[in-house]
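Q: Using the sequences plus the hints, can you model the full thing?
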Amino acid sequence: MSLALHLPALQVVLPLISAPLAVLLRHGGLAFATVTAAAWTAFACAIGLWLQIGQAEGGVISYAIGNWPPPWGIEYRVDRLASFVLLLVSGMAALVLPWSRASIEREIPRDLHYLYYAMFGLCLTGLLGITITGDAFNIFVFLEISSLSSYVLIALGRDRRALTAAYQYLIMGSIGATFIVIGIGFLYLMTGTLNLADMALRIREVENTRPVLVALAFLTVGISLKLALFPLHQWLPSAYTYAPSAVTAFLAATATKVSVYVLIRFYFTVFGESLVFDKLPLPQIMLWLSLIAMFGASAIAIFQDNLKRLFAYSSVGQVGYITLGLSFDSVNGLTASIVHLFNHGIAKGAIFLLIGGLVIGMAKAGAVPPAPTFDRLAGLAKRMPLTSFGIVIGGLSLIGVPGTVGFVSKWYLIVAALEKDQFWLVGAILLSSLLAVAYVWRFVEVAYFRAPPVGQEARCEAPLALLLPAWLLVIATIWFGLDTSLTVGSALDAAQQMVKSGR
Amino acid sequence: MLEHFSHIVTVFLLVAGLFIIVARGNLIKKLVGLSILQTSVYLLYIAPGKLLGGTAPILAPQFSIYSNPLPHVLILTAIVVGVATLALGLALAVRIREAYGSIEEDEILALDRAEDPA
Chain A
1 MSLALHLPAL QVVLPLISAP LAVLLRHGGL AFATVTAAAW TAFACAIGLW LQIGQAEGGV
61 ISYAIGNWPP PWGIEYRVDR LASFVLLLVS GMAALVLPWS RASIEREIPR DLHYLYYAMF
121 GLCLTGLLGI TITGDAFNIF VFLEISSLSS YVLIALGRDR RALTAAYQYL IMGSIGATFI
181 VIGIGFLYLM TGTLNLADMA LRIREVENTR PVLVALAFLT VGISLKLALF PLHQWLPSAY
241 TYAPSAVTAF LAATATKVSV YVLIRFYFTV FGESLVFDKL PLPQIMLWLS LIAMFGASAI
301 AIFQDNLKRL FAYSSVGQVG YITLGLSFDS VNGLTASIVH LFNHGIAKGA IFLLIGGLVI
361 GMAKAGAVPP APTFDRLAGL AKRMPLTSFG IVIGGLSLIG VPGTVGFVSK WYLIVAALEK
421 DQFWLVGAIL LSSLLAVAYV WRFVEVAYFR APPVGQEARC EAPLALLLPA WLLVIATIWF
481 GLDTSLTVGS ALDAAQQMVK SGR
Chain B
1 MLEHFSHIVT VFLLVAGLFI IVARGNLIKK LVGLSILQTS VYLLYIAPGK LLGGTAPILA
61 PQFSIYSNPL PHVLILTAIV VGVATLALGL ALAVRIREAY GSIEEDEILA LDRAEDPA
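So the sequence lines, in the order shown, correspond to chains A and B.
Counting in our numbering, the first sequence runs without a single skipped number right up to 503 at its last residue.
Counting in our numbering, the second sequence runs without a single skipped number right up to 118 at its last residue.
Hints were generated in silico from the structure; no laboratory data involved.
All of these numbers come straight from a predicted model, not from anything done at the bench.
Heads up, the beta-carbon is just placed ideally off N, CA and C, and yes, glycines get one too.
Be a bit skeptical, because a hint or two may be false.
As the list claims (entries may be wrong) - Which bits of chain A does chain B cover? Going by a derived footprint, with three or more residues having C-beta under 8 Å, they are:
1. 149-163
2. 169-175
3. 181-188
A: The following block contains the structure:
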């Protein structure tokens, strides 16, 4: 069937078209319908691609845009890793969009709703485009599409600090993106091609030259800014704290994860393992930065008073686990990274969706939701039992308790560490999990063991439209913690394919 | 020295742009720095695309050396992205001015701290 052949293009084009349509419609409800339909179709496309990849020759689907054959034209290239990330991104969008309808009603002025959906559509386009494209410059363009729209989405927050957070993110993000273009520029100068697969072949002849190493350095720093690797994470906590709840949930689950994907793509597909990991002290640098993130950011998280900020810092810490897996330079390490990229995406998405429902449940009808600070959360378990319980399960997954997805990723990290005979790292991984216990316990203590303030004992559970998608994700964190055939299977396939292509 | 002229200018613009972003607290000046930083990238791409003695890539019998047009196309895209970033940054600066009454970073931080000491 011819439609099935064009899935890679449809994957990106449908959300792209939905965004200007949403602006033209100028009506919140119609814009919602358009963008949500596009997101669901994108999710269907991602599932379709994921099924196709299983049968495709060599596990790669190549799509020449406009029938210009690669390496001259822009190629969309779906391999196992790309299709896995596409599933995560489009799946989260398909879930967060219906959720956000009830949420932005309270958080964003009504006359701006259609613009919110348009920006969401653009952000989704950018993230999907980064993942699917096989062209280096195209990555930059899609990166800017997703970044610019996410700055706008963050600035839509009601608190005026959302504006400064968005501004700060814009400056940091643009520096990161500029560094990425500089890196791509050096690679283009040295290889004369922009197609990633072609570049990977040609870079072998020039891999010992200084411009290639400079390109590697610029790309590493630029992408690390985008994925909030410690100490380049300063934009993240404020941006996540003051953005509208739906935006926080979507960005936390997808944006940094796609940046990790770009890093993996450049390291393993373009530069190749030997260049990145053997000739430079990059694994050591990455190992130590990851460790500092795991301990430092988690420790900072413990002392936050705003629940959203707490989990934002926890995100920085969790990114540390992902980059730690990368630094091992082994199939198991990469598998751990890829699995954690997915697992942390759904767990953090669930937590931020539940917090979004929580603030709306706490607000009086029609009022702007308050910030979820701990003094307002006392006795929450009695007032919102389902929301509190969901956040606790999400928290257990951040800790890595068996039966949740977090355990699966940490298991593979520990396997990878043992494989390299780094026993002390096993201790470090377990110790840093204790810090996660501490910040999750802060929530448990306030929500379950403190009496609700006088006069606020009544049940005020979040509306069902907000609870249902969030709980779907919570159930997913348990489901994929028990049945790992989909996640670990895909990640293992992807890691093997990446490592093989890098040799 | 002269043969590396374009590279020296590129590096100067890059460092100058980064310095302005870091050293200036005024939100508009930071955006100026960001634009200078991005301009350095335009030069980084465009300059190597030019061949000495090369002409515009339009086939004609009397020419045999052509400059590479691809960097120009890429940078055209990058310029558009740069304009969009600048426009969005300025729009945010306007909104920040409306909300805080200032576009100086230290004053904004002081206002935030006064509102929420945590």
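Q: Give a verdict on every hint.
A: Comparing the hints with the structure gives:
Against chain B, the segment 149-163 of chain A contributes 6 residues with a C-beta closer than 8 Å to a partner C-beta. That satisfies the three-residue criterion, and the hint holds. Counting residues of the segment 169-175 of chain A whose beta carbon lies closer than 8 Å to any beta carbon of chain B gives 4, which meets the minimum of three for the stated coverage. Look at the segment 181-188 of chain A against chain B: 4 of its residues bring a Cβ nearer than 8 Å to a Cβ of that chain, three or more, so the hint holds.
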